[in-house]
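Q: Letter by letter, the chains look like this.
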Amino acid sequence: MSTSEIGKVFLILLKYLLPTLKVFGMTLLFSIPLGMIAALLKMCKIKPISWLMNIYIMIMRGTPLMLQVIVAYFAIPMLTANDTTPQWIQNLLSNVDIKGDAYMFRSVLVAFSLNYAAYFAEIFRGGIESIPKGQYEAAACLGFTKTQTFFRIVLPQVFKRVLPASTNEIITLVKDTSLANVVAYAEITMKAKQQMQIYSSLTPLVLAGAFYFVLAMIISMLSSMLEKKLNYYK
Amino acid sequence: MAMLEVKNLCKRFGSLEVLKDISFDVEQGNVIAIIGPSGSGKSTLLRCVNQLERADGGTVKVCGLDMLEQKDGKTIYASAKTLQEIRLKIGLVFQNFNLFPHFSVLRNITEAPIHVLNQNRADAEKNAMQLLEKMGLAAKADAYPCELSGGQQQRVSIARALALKPEILFFDEPTSALDPELTGEILKVIKSLAKEGMTMVIVTHEMAFARDVADHVIFMENGVIVEEGAPSLLFGDQASERTKQFLQRFSEG
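Chains as they are written, first to last, in the numbering used here: chain A, 50 to 283; chain B, 84 to 336.
Because the hints were derived from the structure by calculation, they are not lab data. A hint or two may mislead.
Simulated crosslink set (SDA-like; lysine to any residue; CA at most 25 Å straight-line) [stated by the list, open to error]: (1) A:Lys182 with B:Lys278; (2) A:Lys94 with B:Lys172; (3) B:Lys144 with B:Asn305; (4) B:Lys172 with B:Lys248; (5) B:Lys278 with B:Gly219; (6) A:Lys182 with B:Pro184.
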């Protein structure tokens, strides 16, 4: 490929960086709070709730994300087209607009968020459980409510403890966004594949790789900066 | 006036009876030392009074407020509101300090006054600085717990408990996690609090200290109070055989 062709491909990929970042950012936005809720529910003393969370986490971690993306995308059209689907589900789903890019993005986001929430849930649970019992006891003796204890005493310490493991997940997520191309969501990997075919060259794929690489570098740099900032206590 | 009245307190862990019918009173200004071998139930007793464990029977009254009562053969705890009120009347100093590692020394002390008692920050900080001054740690206000020695951490945790102006202060083996050369500074602080008339209940293995500072010593073993009385009684010749035996074994190490 000539330099100008490479430049052209670079600009195309740069344009599709946005949809990649959209999946990445929105997934984080939903999966981190969802993961925290799932972690708390899994630690819930009411057994059925804890079991339900366990099953959810097992399914999400035990099946491929690519498969989950496909299921999330095709579930609604398949269910509405199937005669054996109960009528009330048909009615419920008939209002969903299954055409267009918005639907595609939403189905990708649902699969990604539910999947990553399961991984975050286990990281957060480990973090919460690693806080010594004495912290809760000291807080109780000082009159803090359970909510105050969680948000003032426990959560800030959990944040520091889960940062390295969460960074791992976040870096994996950057690269996993490429799985969205399985339902033809237009992002960097998909465009790189198209350009590869147009130019019969591997260069677009190398460029795509460079994009992911740079993103991963930025995340790991931000994370180590944050880790250093949190190093003021042990 | 009795600050603390404990009657027939019982606590079981499964089938193990940890506290069997414990009764004792603490009057205002009293310093009570609780001694006894490990596993005798001393810490559990403190934890029951401080609501860290649920008792299975008996009554507990703190500063005139009923915390735990017996009604129709049932053990009834007071309402959440009363329990919170009681909580704020008593302070507990832990064996391993349990300071909040992510807060500075000052914030460890001010956090509860500000967010539990709704004091304004300036007042809370002024009060905290006075307490730190008293503990000889004013220079460490901005340090973090991990930067302090064990003895300094324990003094901060005493200041943290005092910041809520408790009526009674409990100590659960306050020097057991410290190097021998650091225990002195904690014992000195407790002594000076005793001089100010602070009501205190101290679980301790420091026999010389118990004899020195306490008005009343309780010797516990296997969940019961074996003997109690003035230090001169328990540490003297009139003490029961069992108490003598324990103290003797203790001094032998």
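Q: Look at each hint and say if it fits the structure.
A: Tested hints:
| no. | hint | in the structure |
| --- | --- | --- |
| 1 | A:Lys182 with B:Lys278 | 33 Å, violated |
| 2 | A:Lys94 with B:Lys172 | 30 Å, violated |
| 3 | B:Lys144 with B:Asn305 | 24 Å, holds |
| 4 | B:Lys172 with B:Lys248 | 7 Å, holds |
| 5 | B:Lys278 with B:Gly219 | 17 Å, holds |
| 6 | A:Lys182 with B:Pro184 | 14 Å, holds |
Going down the numbered hints, you'll see the structure goes against 1 and 2, while the others check out.
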